[in-house]
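Full structure from sequences and hints, please.
Offset between the sequence shown (1-based) and the working numbering: plus 32.
A hint or two may mislead.
Derived DSS-like pairs (lysine-lysine); straight-line CA-CA distance at most 27 angstroms [claimed, not checked]:
(1) Lys166 with Lys179
(2) Lys230 with Lys166
(3) Lys285 with Lys116
(4) Lys257 with Lys146
(5) Lys120 with Lys41
(6) Lys229 with Lys252
(7) Lys90 with Lys75
(8) Lys229 with Lys166
Calculated directly from the structure, the hints in this document are not laboratory data.
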Amino acid sequence: MSYFTFDNKQVYYNEIGIGMPLLFLHGNTASSKMFSEIAEKYKRNFKVILIDFLGHGKSDRLQKFPVDLWFYEAEQIIAFLNEKNYSKVNIIGSSGGALVAINVALEAPNLVNKVIADSFVGEKPLKSFTENVKNDREFSKSNEDVKMFYYYMHGSDWEQIVDNDTNAIIQHNKDIGVFFHKHLQFLKADILLTGSKKDEFVSMVSPDYFEKVYGAMIKKIGHGKIHLFNEGGHPAMLTNTTEFYELSMEFFK
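The structure is reproduced here in structure tokens:
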């Protein structure tokens, strides 16, 4: 296992395959294990990099998560890329990892080639999610399937990680309320926004949620593409794996 140091703590990463670096960024309450199957597809053409953000997976734990969580995680990625002397990497970020990917591209444009941002809520927190996240997370802890997911991602201390994430989401919504420090017009990397029309987190808000939110973001960025899958749930990339893989390979080509 490989680690790099950030903020005096050890961040786990793993590299498989040969070629141009392709970095996968996991979502909230998850770890890089969420990509274990799909990463096998990409290692034939890329050097696949899997990272567990601090407080997750095999990385060192945090007593509590920073309020500006997705920016803090972007700082970890930038530090890693600089330490490894990587430049012009491709990034796939899913859910919360998509927010991190966009932050990396905004803050360190020289390090990023192309970005796929999958299944995320947009520039601001989703009110219907943040208002109910505490109750929803408590309910999830009693669901055996969800508990198995948490345990697989993190191990026996999964509950503290879920609680840390829940608290960060609530506090971020109160104190900050935006995910990016820079305006989207400064994003230079080629970008593809993906999602599922049946994503359970946003379809109840509006059946055309992604069309509206992603469309507004692309207008601000000034370039980029959107692809929405008719089927699948959250995240789209893991519920439409074959189609997503083919789409991403065409985009990275």
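### Task
Of all the hints given earlier, name the ones this structure violates by number, lowest first.
none
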